[in-house]
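The whole structure should be built from the sequences, with the hints applied where relevant.
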Amino acid sequence: MPEIEDKTNPVHRARLTKRPIGRILVDAGFVTEQTLQRALARQANTGEPVGEILVSLGLLDEAALKAVLAIQGDLATLEDALKAASGEPQRLGELVVRAGRATPEEIGSALEEQKKTNERLGGILVRRGLVNEKELETVLAFQACQTGVDKTGKCRLGELLLTADYITREQLDNALRLQESSDGVRLGSILVAAGHVQPYHVEHALHIQHKLATAALVAALTLAVAPQFEPGSAVAAPPQTARVSVGAVVKEYVSAKVVLQTRELVVTHADAAAGFVDVPLATVMEVKSNSQSGYLVAFNGLGGPFTGIYVRGFQSEAQITHDGGWVIQSGPVRGAQTLQLSYRFVLASGALPGTYAWPLVITVHPL
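For the sequence shown, my numbering gives the first residue as 166, with consecutive numbering after it.
One should not assume that every hint holds.
[What the hints assert, rightly or not] Lysine to any residue pairs mimicking SDA-like chemistry, simulated, CA-CA at most 25 Å apart:
1) Lys231 with Leu295
2) Lys183 with Lys319
3) Lys231 with Lys280
4) Lys280 with Gln255
5) Lys248 with Ala447
6) Lys281 with Arg292
7) Lys248 with Glu270
8) Lys319 with Lys422
9) Lys183 with Ala447
10) Lys248 with Glu345
11) Lys280 with Val262
12) Lys319 with Leu388
13) Lys231 with Lys422
14) Lys299 with Leu276
15) Lys183 with Lys422
16) Lys248 with Lys422
17) Lys299 with Asp330
18) Lys248 with Asp330
19) Lys231 with Ala447
20) Lys248 with Lys280
21) Lys183 with Ile355
22) Lys422 with Ile493
[As the list claims (entries may be wrong)] Label pairs and their in silico Cβ distance ranges:
23) Gly294 with Ala438: 36 to 46 Å
24) Glu253 with Leu276: 17 to 27 Å
25) Glu298 with Asp330: 19 to 29 Å
26) Ala438 with Ala501: 35 to 45 Å
27) Glu244 with His434: 18 to 28 Å
28) Arg207 with Gly349: 16 to 26 Å
29) Glu429 with Leu371: 31 to 41 Å
Simulated from the structure, these hints should not be mistaken for lab results.
Heads up, the beta-carbon is just placed ideally off N, CA and C, and yes, glycines get one too.
Listed below in structure tokens is the structure:
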């Protein structure tokens, strides 16, 4: 039963692995939505990465781009987004404003009510419809993570200075050790005193840190309220069609060699709006078999936000459901056959844009 993809747990397939770089930049406030659309329009013509376009246009500095690229994969799950919390701890109202869920005036009004009623601010915000219960829980979790003791996260000041090539790993490690034995001395002050950076380097990194923390907060809130999709079904054996006999017979076999297999699937905002994403020429494999009847290609493990797929590359287009399916290639097979498969993945309502791990397991079987 040769496999084209590893038989990993379906929970780990079709998972979001990267949040769109443009969305992070907008959420963080590095660029506006209008600026992003301008860069995306150019990208459609040139194929350049959107971050590099923004840098070349002078709309984004390179240190900020490096920092965003470093944390892009850490904003794909709620747990990781919360871990990216950094910077000076902020009050609940400040975080809700920062996330764009309320205006300063709305928070001020809620605080005035709190003074009169002694009700918790979070309860007032929920009752007023500024956040829901899940969002409130997420903001409070983010707030708690800001006070954590982890000094190694990619949004920490030292890591940002390192990502920007302002300091070396050795300089950072030495400064962190010195900070542990110091009485509340800030890391930036230690690095400046050691002559490793200038004060403006620290200020720049703190500016980036603040914006990245905002992007992490927005990502956490988005993921907290996003639809939860069931994982795809485990790889199921296809119907048993081969005959078993006793005697001197040649055993039927089928083998598959992977020539090309796309490892990731990118869903853009346009794809999410359209309800599907096309992936041309994503699988190329050579199949050999001695079966006189032919062989069967099974597709399983589809999960996440994908409700079905259309597979092109066989004699006719095949439709595969969320529960899997198969396509029969009638025999006899003479020599090697090359299959070149393209896909249209149908998206569930509420599917998030981003980069997903390839969601399919493909196996071949003799008939």
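Right, here's what the structure says about each hint:
Distance check on the hinted pair: Lys231 and Leu295 sit about 34 Å apart at the alpha-carbon level, beyond 25 Å; violated. Restraint check: the Cα-Cα separation between Lys183 and Lys319 comes to about 15 Å, which is no more than 25 Å; the hinted pair holds. Proximity of Lys231 to Lys280 is assessed by CA-CA distance (about 44 Å); at most 25 Å being required, the pair is judged violated. For a cut-off of 25 Å, the pair hint linking Lys280 to Gln255 stands: about 19 Å separates their Cα positions.
This hinted pair does not check out: Lys248 and Ala447 have alpha carbons roughly 34 Å apart, beyond 25 Å. A threshold of 25 Å between alpha carbons decides the hint, and for Lys281 with Arg292 the separation of about 16 Å falls inside it, so the pair holds. A distance of roughly 29 Å separates the Cα atoms of Lys248 and Glu270; the hinted pair therefore is violated under the 25 Å criterion. The hinted pair formed by Lys319 and Lys422 fails the criterion: a straight-line CA distance of about 39 Å is larger than 25 Å.
For the suggested pair Lys183 and Ala447, the alpha carbons sit about 19 Å apart, so the restraint of at most 25 Å is met. With a CA separation close to 21 Å, the supplied pair Lys248 and Glu345 stays within the 25 Å bound. For the suggested pair Lys280 and Val262, the alpha carbons sit about 19 Å apart, so the restraint of at most 25 Å is met. Between Lys319 and Leu388 the CA atoms are separated by roughly 20 Å; this keeps the pair inside 25 Å, and the hint holds.
Distance check on the hinted pair: Lys231 and Lys422 sit about 38 Å apart at the alpha-carbon level, beyond 25 Å; violated. At roughly 21 Å between alpha-carbon atoms, Lys299 and Leu276 fall within 25 Å of each other, so this suggested pair holds. With a CA separation close to 29 Å, the supplied pair Lys183 and Lys422 exceeds the 25 Å bound. Under the criterion of a C-alpha separation no larger than 25 Å, the hint pairing Lys248 with Lys422 is inconsistent with the structure, at around 40 Å.
Proposed proximity of Lys299 and Asp330 is contradicted: the alpha carbons are some 38 Å apart, above 25 Å. With a CA separation close to 23 Å, the supplied pair Lys248 and Asp330 stays within the 25 Å bound. Restraint check: the Cα-Cα separation between Lys231 and Ala447 comes to about 29 Å, which exceeds 25 Å; the hinted pair is violated. At most 25 Å may separate the alpha-carbon atoms for a hinted pair to count; Lys248 and Lys280 exceed this at roughly 32 Å.
Annotation: proposed proximity of Lys183 to Ile355 is violated, straight-line Cα distance about 34 Å (limit 25 Å). Taking the CA atoms of Lys422 and Ile493, the gap is about 18 Å. The hint holds against a cut of 25 Å. One distance hint, 36 to 46 Å for the beta-carbon pair Gly294 and Ala438, is violated here, with the actual separation near 26 Å. The beta-carbon spacing between Glu253 and Leu276, approximately 20 Å, falls within the hinted interval of 17 to 27 Å.
Between Glu298 and Asp330 the beta carbons are some 43 Å apart, a value that contradicts the proposed interval 19 to 29 Å. Range check, Ala438 to Ala501: about 41 Å between beta-carbon atoms, so the 35 to 45 Å window is met. Look at Glu244 against His434: about 24 Å separates their beta carbons, and that is inside 18 to 28 Å. One distance hint, 16 to 26 Å for the beta-carbon pair Arg207 and Gly349, is violated here, with the actual separation near 47 Å.
Evaluation of the 31 to 41 Å hint for Glu429 and Leu371 yields a pass: the beta carbon distance comes to about 33 Å.
Consistency note: the structure conflicts with the earlier hints numbered 1, 3, 5, 7, 8, 13, 15, 16, 17, 19, 20, 21, 23, 25 and 28.
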